[in-house]
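Asks: In order, the protein sequence lines correspond to chains A and B. Everything in the first sequence is counted per full-length UniProt numbering, starting at 1 for the first residue and increasing by one. Everything in the second sequence is counted per full-length UniProt numbering, starting at 1 for the first residue and increasing by one.
The set of hints was computed from the structure by calculation and includes no laboratory data. Fair warning: there could be bad hints in the mix.
Note: identical chains are not told apart, hence a pair may lie in one copy or across any two.
[Said to hold, decoys possible] The list that follows gives simulated cross-link-like pairs (lysine-lysine, DSS-like), each with its CA atoms no further than 27 angstroms apart:
id, residue 1, residue 2
1, Lys96, Lys685
2, Lys615, Lys277
3, Lys92, Lys30
4, Lys163, Lys643
5, Lys92, Lys385
6, Lys277, Lys456
7, Lys418, Lys228
8, Lys615, Lys643
9, Lys537, Lys643
10, Lys277, Lys637
11, Lys87, Lys243
12, Lys303, Lys440
13, Lys128, Lys92
14, Lys107, Lys344
15, Lys374, Lys107
16, Lys615, Lys685
Protein chains: 2
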Amino acid sequence: MTSTTPAASLAALMNPQSVAVIGASEDQTKFGGRLYKTLIRHGYKGTIYPINPGRESLFGIKTFPDITAIPNAPDMVVMALPTGKIKDEIKKCAEKGVKCSIIITSKFSDAGPEGAALEQEIVEIANKHNMRLIGPNCLGLISPANELVLCSSPALNVDALIKSPIGFISQSGALMGTLFDKAHSQGIGFSHCFSIGNQADLELCDFLEMLIHDDGTSIICAYIEGLKSPQRFIELAKLARQKNKPILAVKAGKTEIGSKAAFSHTASLAGDYASLKAICKSQNIILMDDPMAMFLLALSMSKFPGQKIGNATIITTSGGGGALTADALSEQNIPFSEFCTQTKESLAGLFTPGQAFNPIDLGGRRHDVLDTDKISELTAEIVMKDENVDAGLFVLTTAPSVLNTTTSLVTGAERTSKPFIVVMLPGQAANAARGYLVAKNIPFTNTLGEAVAALKNWQEWSGFKASPAVIWPDDLPDISQVKGILNESESKRLMASFGIPVNKEIVVADIAAAVNAASEIGFPMVAKVVSSQIVHKSDVGGVILNIQSVKELEQRLMIMLSNINKTLPGAKIEGFSLQSMESGELELIVGARNDAQFGPQVIIGSGGILVELLKDTLVLPAPVHVETAKQALEELKIAPLLKTYRGRPALDVETVAQTIHRLSLLACRLKNSNFEIEINPLKVKQQGSGCVAVDARAQIN
Amino acid sequence: MTSTTPAASLAALMNPQSVAVIGASEDQTKFGGRLYKTLIRHGYKGTIYPINPGRESLFGIKTFPDITAIPNAPDMVVMALPTGKIKDEIKKCAEKGVKCSIIITSKFSDAGPEGAALEQEIVEIANKHNMRLIGPNCLGLISPANELVLCSSPALNVDALIKSPIGFISQSGALMGTLFDKAHSQGIGFSHCFSIGNQADLELCDFLEMLIHDDGTSIICAYIEGLKSPQRFIELAKLARQKNKPILAVKAGKTEIGSKAAFSHTASLAGDYASLKAICKSQNIILMDDPMAMFLLALSMSKFPGQKIGNATIITTSGGGGALTADALSEQNIPFSEFCTQTKESLAGLFTPGQAFNPIDLGGRRHDVLDTDKISELTAEIVMKDENVDAGLFVLTTAPSVLNTTTSLVTGAERTSKPFIVVMLPGQAANAARGYLVAKNIPFTNTLGEAVAALKNWQEWSGFKASPAVIWPDDLPDISQVKGILNESESKRLMASFGIPVNKEIVVADIAAAVNAASEIGFPMVAKVVSSQIVHKSDVGGVILNIQSVKELEQRLMIMLSNINKTLPGAKIEGFSLQSMESGELELIVGARNDAQFGPQVIIGSGGILVELLKDTLVLPAPVHVETAKQALEELKIAPLLKTYRGRPALDVETVAQTIHRLSLLACRLKNSNFEIEINPLKVKQQGSGCVAVDARAQIN
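Produce the entire structure from the sequences given, and follow the hints as far as they go.
Replies: Okay, here's the thing in structure tokens:
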């Protein structure tokens, strides 16, 4: 990697040889005072230029009255001036030749159109002079890797920063400080933390790219409110996978009210959570609910790079704690390790009879064979070495021996290469044990829920299978001319042209024509009215199902016409659509749309009454490989109905998957349009009998 | 209340005038040494008798070589001798006239049949001399109300106990110590905590009864593994409701593996969680997953006795924190307060435009009107006084002002009578703020999830409506003679005799009789084979649906016979059941059984394919009032299908509820039998058209 890549350039920019702090002082009630002191406290090795017109020196470092007064241009400048003063200061910095400025100040695009305009002006000034910007409305950066802290948060009031291969990008400044603070108390450190604020210039993806290329970072965490460049995000996620660097993310604004709060905060439009979830799933980004569970998992993964986990074992000092933990794991469907025979035999010598099973309650240790701590140590070692055990959860309760037990379990477990997480349920009584874990940099939490969330997400990440590359068929038609709102026939023709099975259909002008054409469709038959004035055909009696004969067809079409004449007098009837009546064992909905952020995607879900009850839909980024479609069908709540069910053979999942794949190709071809397509329902038949779209609609703009 | 009630007697027993500690010493590595020191440390006012044959005095208190050497019988004795020595010691205590002994030692009924036998012997010895027992296999008791601590846990290594009106009963000793420890660190204290262990003599319900009558206890928390006397538990729950004392509980062993751990722990058979849940729901017991969330809620409720909450408002120092909190509340369906006009107007003067909505981000405070802390204080006061706000969630992040902001919010909120919970997201940076909250005894947590769980459960508790008393009709038949496995006709006759609608049915001996009787049923008709040798009628072609005429009946019965002859040659055909063919819009399952712990109960759920997919069943303790049945139907996942749905009128919920009610009466009449009854399906028709059981089975032993 040469310094010509954007990531390398940004890495160099983030490791400045000199830093100017505008508003530096000794006053710890002021932003500039706190930031300046924190910078010095954490041992920055470069040149510091405190800017303060009223002082000769600060903490023994020569001050300057103004940025222009510094002999050389500092690499980096940080400022928290009032909003109104930022533009002038940025101009001075840019003209001086500063490489990067951090603007802490808020009330720019986060405060409405006026602020947004000012923000834009500032970016233009900076760009003109090749100066990059972080913020505004951010909290700066904390880079233990570079021994550089440009952040005023009291989170930094700690003796020493903890270095780790975890990088963190936060769209919320306050949360960056808060989470750094909380993480530090659990012994979790970082390589770099960036608060990106309004992302006026440098944005989340810039830092993501930098961290993906950073040798000192092996895991990347992000707190996301809304993505500025979703497509770039996807590309970087692919790159991170290639480089085996897991990305973990928490997204705020999952729900409507959450979105509202996120919007007001950093002026980011919270994207559709389901779409983001689909992207994350397709790229094996670990999307979590709880930032602290995210860090716990990040630390665990950084200690065991690339390790995959399936099942787990519990070792606990309390049967009650074991029971609660077992309940929590079971609810998350995390499987329990079943010990192999050798493990059972080894444990049998250490525990009273009937006590050596998963979850292991150390209360069952024998008192007549070995020191109890030694038994704890051996238990951890034996259990973690078991080939059926992927991960350990050590749940400690308040006891005089909590430090000894913790030490013993860690010592035993560390003789193996398996990951484990310690759950510290006690209060003050375990402070010494916590100190030991922090010093040893062992992943631990005080909250069982965080540990279970970490394991669950680790397990899901482990089970990832990359979608095979989609091979584009040669036979796809040119649909560049297809536009507007398509009626049912047109929609089905479009789909059929992409190889999607649709039911047989003839459109006829009148009843006489219907009678003549009936034999081409056959019976049972469906007849629907065709009229651009009638959108909801069923509501006006415009759909006739299960017609058994030509005679019935004729009679019932006459009744239909008479009914429509009564309810919609004067409606222009363009004709009738005669369709084959299809039976199916199950109805699905399959749709496609162009997501504003993530582009073309397919939505699949259960149809009929189930769709609303089950809220059973999944989003898949297009194109969708047939295998990926099959996997997605497995994840629907109605998946059991696709298999052999109550004596009925399995359904034709293969053709359903083909249909999803084909619709995804159609969606990709429409990627430059704003479109919505829906098959509702897709009737699914038994294996070998296929599936068929019996109603469809499309709108392409 | 006189001391003649069991609760008063137990209360007196738990407040002994003298306590003997067997194995008292100065050695803090030993149980007796720790317990003895802890007892003194926390200021027990009664007489202490240390028992230690090797010492004259301990910490200045005269020791005795043996329990028999004490001049008077101590009220209470605590012992942690090896299992083998307990029986003799108990005998000495009992003969001496000790009123209550606490046995800490384990390996009794928790270790298998041999231990159980020994435990039983010990109980008999104690009973003979009117001595009560706590344990064995317990951790003792912690009673801040009585300044009595008989517990060796390092959880007690604190300067002073916190008194509160929260009582706690724990079936796990280790968890009692652990949770006491953790609770203490969050400023949560107790009136009494009892570790009940194996409940050989005194059991959970004894302590529950005592706490319900205890004037110093207003909220009762319990950690339950299995109930020894479920019916008494229900009666006590009713009493607690009468006395307006909420009961909060966490039950371990919800899942299979959890149950395994619970069993091995205190030899308690974990009951069926669904049944317990039903009982808790019917008695408004708050059943939670997380013990710390339980204590947080207990403290909150104890500060605001009887207060009911619906919606909530968030005040936060970080937009990001607000967004995550809003997401978490929305996911739990906790509604957000919409501020009233006056609140909006008052806030408008304190916040920059567009920032004064729920969730409130204090980052939006104006800097030009008042001191920011004063704005925080006013904001809390204004918002909490809003008539649309029921509860507040104050989410604090790391900032230099975290203590000031916390103080301001609490001060403002305390001017109102509304409950609030503080969520402390920071690490070390908020330690001073935590100290303030502990000192003020304000409910707070470091984990957002705990606060959300507390609010959710508080909200559910608030919405409780007691079931009206069930009025028993006079017209119920005598069914005392009904026994054994009933066939479909017998099952339906039994149900019909209780007023449950069943479809019309005639049983005939042969085809000729079927043809003659057909007109009594009418068409369409269902015919089923009757044979005690054929259990699964459908599997052998023994069910014919939708018969339209006498001729079809005759023909198809002949085909049926011929088919059965082929598949089950020699099967004895007793006849045919002719039934009216019923249509319905929805199928339900309605069953009843006699639960081993909680007695007769009704189970309702969605039928057809939905039952397995949705896992949509609810248990209701019998008898079930019609109104309770209606409420339960509302809680089924398929509830939307019972209402007006896609143009189809609402279904006949009234008769379904009547059916559930009637089946529950039947279940109650069978309460002395082990029975299972099932209607599957109950076909539900449109409003006014009723519902009807079309298949049923029953087994009464």
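Asks: Tell me the hint numbers this structure goes against, listed in increasing order.
Replies: Structure breaks hints 1, 4, 5, 7, 11.
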